[in-house]
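Protein chains: 2
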Amino acid sequence: MEKKIPYKIYLEEHEMPRQWYNVRADMKKKPAPLLNPETFKPITEDELSKVFCRELAKQELDDTTAYFDIPTEIRDFYKMYRPSPLVRAYCLEEKLGTPAHIYYKFEGNNTSGSHKLNSAIAQAYYAKMQGLKGVTTETGAGQWGTALSMACSYLDLDCQVYMVKCSYEQKPFRREVMRTYGAKVTPSPSMTTEVGRKINEEFPGTTGSLGCAISEAVEAAGSQEGYRYVLGSVLSQVMLHQSIIGLEAKAALDKYGVKADMIIGCAGGGSNLGGLISPFAGEMLRGEADYELIAVEPSSCPSLTRGTYAYDYCDTGKVCPLAKMYTLGSGYIPSASHAGGLRYHGMSSVVSELYDQGLLTARSVTQTEVFEAAQTFARVEGILPAPESSHAIKVAMDEAMKCKETGETKTIVFGLTGTGYFDMYAYQKYNDGVMENFIPTDEELAVALSKLPKVE
Amino acid sequence: MEKKIPYKIYLEEHEMPRQWYNVRADMKKKPAPLLNPETFKPITEDELSKVFCRELAKQELDDTTAYFDIPTEIRDFYKMYRPSPLVRAYCLEEKLGTPAHIYYKFEGNNTSGSHKLNSAIAQAYYAKMQGLKGVTTETGAGQWGTALSMACSYLDLDCQVYMVKCSYEQKPFRREVMRTYGAKVTPSPSMTTEVGRKINEEFPGTTGSLGCAISEAVEAAGSQEGYRYVLGSVLSQVMLHQSIIGLEAKAALDKYGVKADMIIGCAGGGSNLGGLISPFAGEMLRGEADYELIAVEPSSCPSLTRGTYAYDYCDTGKVCPLAKMYTLGSGYIPSASHAGGLRYHGMSSVVSELYDQGLLTARSVTQTEVFEAAQTFARVEGILPAPESSHAIKVAMDEAMKCKETGETKTIVFGLTGTGYFDMYAYQKYNDGVMENFIPTDEELAVALSKLPKVE
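Protein sequences appear in the order of chains A and B. Heads up, the first sequence is in the numbering used here, so the first residue is 11 and it goes up one at a time. Heads up, the second sequence is in the numbering used here, so the first residue is 11 and it goes up one at a time.
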């Protein structure tokens, strides 16, 4: 007999995964290696350890170990907000009148407000274990900076965040959350780094960019004894840590004997999507099960749907290793969009390779249709979603409506990565009917793509 | 053998209480009745039903029925965010180095961000059942207005919120959350009501007050067919609905065989405190157990610790019924404080009577010490608390530190009513070291208290 599915499936504490899952281990064709930005040769652990701390460099390069033990200290931290609930969206199903069963894995139930905390605590922990004094990073929308501030505060580690100047000024609340957690937040470009001073001189009055903030954070880490740089997305180590999302989601479904048909996640750099789909993609790779995996990206920044699969720089400043990925070109500047967390020119190399192998499909959606879905969801499900997460909501609703037409009872699972409390300017624009959509032309995309690095 | 206590105790869905508990039923000496503001005689159900909907008027006046069934529709809504977790504050205990066991009942895990939703959905439901078109209310800090907007949106009920003008302008994000949920938000005083126009004429450029907003909301309800006024605190019906907080907390403790020594809640109008302590006070009243119950209020608005127990108006406009309560006088204007939800001149009549009978003690704390506690809590427990909730955190930490001195292993439970995402201006002031404390002088308090209504 089928067990009645509760509104929220909470795993018990002891059911929380004890290991992260590295999907690369099950890939016959591995993602292409990271390249040293100076030599264009595969980067070594030693080279990478100058930027990242040693243990993370190891995780980054390891594509054969399937499972990594989650250290007890990280598990203890996870216990403050995990296992996160897998919610059956009964109210949304009723609102849509669909026979589909909709579930979402909710990662917004912690102060950082998003899934970013899963990797932030891991990266901060390994930095602490290495005896480092602190870490540096950049933040745009602010979710990653917030998460890292929390994690560092917990471990008593110094945290220096370079926040894109326009966000620093337009999102004062994000800044204050980070300060409340003891982080030092510097508007970028700043006068505290060489690259920052240079940019300020060259472009007086500039409000900054993510690319510039990355360059400043990397420089700041390199110029201080006992510091390393950390990053909240794109990297394989991040996807490894975020696999806890998918592992818990799968465990919760298994507990009630539910088989998912479709897994949907929003995709910027790929940290949430990669983490969510990892165990499901693993089953597909091992030939154990089949799922429809869907990445959803904003039409303003369509790296999977309209980008090129090639080696590219991960940052605008070209100081980080190169990765083979679906990219729009590291010089591509996405039009202003409220889903700041999805405004990245490239995509995780693991997600890119899975996409290239056909395990994953991708769709792009416009901003206004995303906010329309967000509002519908908020009103019936009682959670105010982040604009990023709402990309997944939109496609989940589309799929549920298709089921209504065909009468199919598909089981749809999507990732609700975070809450929208700090995105109310965007909601205001939508409420006021003045939100615009941005879809780059082929010509616009061609410009940045023409400047990809020439890698043999 | 003692069961290992997890970080978060989640009750199963089927363990969620099916009834609200009305502590008045167990009180030998009942709270004094509400009085008709025109006749000063105990108000009747019919009179009260002109302001509130019928079922809520009944609940308001019923001081003998101990348990009220929670309607299935409300239970279904509760299931979207309840049972809420009872969290064992292991990290805070470690940080303080205390032998005390600290637990908090966390009510911020829903989009409204606070416990207010527990009563909002109940009040909206009974309005819907009565066939009403909509409800009106006022909001200051915005937690109640947000909660009511969500509840009304869910039930497809019109929601009109009169928001104190200075909050409307200073808290645009709160306003946008309400609009996202479809509420009509009007800055008060407005030109849409008689009382609003009168106040605007009398005090050009005024930024409004809670008292004025209440008067506008009551007038708006009375002047539209099929509308009633609703209120988020102070009332006995609200305390009834909020009893779910205490019932769940007690069920969670019982599940692990834990006996609380001390229950601590912040107190503005008494909705959270009353709900949290209800079942514990009930046991005390029936002679079954003993607890130390502590109300925490801001030193800027010390109704229990420095007020008078007397009949007073619940609103500044004097249109609502009178209640016997601990009050600072309905004309008392608390100094600006960031804990907007605690800036109320009076106190729930049930909480007041329990306090008068000695079942409850009270303490007042200053703003800066509250934010200091909030920051410590946020850094180790990973939840950014609302300023209101942080009043309880402060006293819980004080008590835990006393245990450290005496070596006692007391079990401390406090109510964490909500999150501080919309209170970052206050955190900013604290972070910048420019937050001030407000403690009224005896002379200042005497002014408003001298104007209490003369009731026989």
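Hint data in this document are derived by calculation from the structure and do not stem from the laboratory. For clarity, every value in this text was computed on a predicted model and none was experimentally measured. Certain hints may be false.
Just so you know, same-sequence chains aren't split out, so a pair can sit in one copy or run between any two.
Claimed, not checked - List of simulated lysine-lysine pairs, DSSO-like, C-alpha gap at most 30 Å:
1. K269 with K89
2. K138 with K18
3. K208 with K14
4. K105 with K194
5. K68 with K38
6. K265 with K14
7. K328 with K439
8. K412 with K89
9. K14 with K89
10. K105 with K143
11. K265 with K60
12. K138 with K14
13. K14 with K60
14. K89 with K18
15. K138 with K105
16. K38 with K89
17. K18 with K265
18. K89 with K105
19. K328 with K414
20. K414 with K138
So which of those numbered hints doesn't the model satisfy?
The structure conflicts with hints 3, 7, 11, 13, 16, 19, although it agrees with all the remaining ones.
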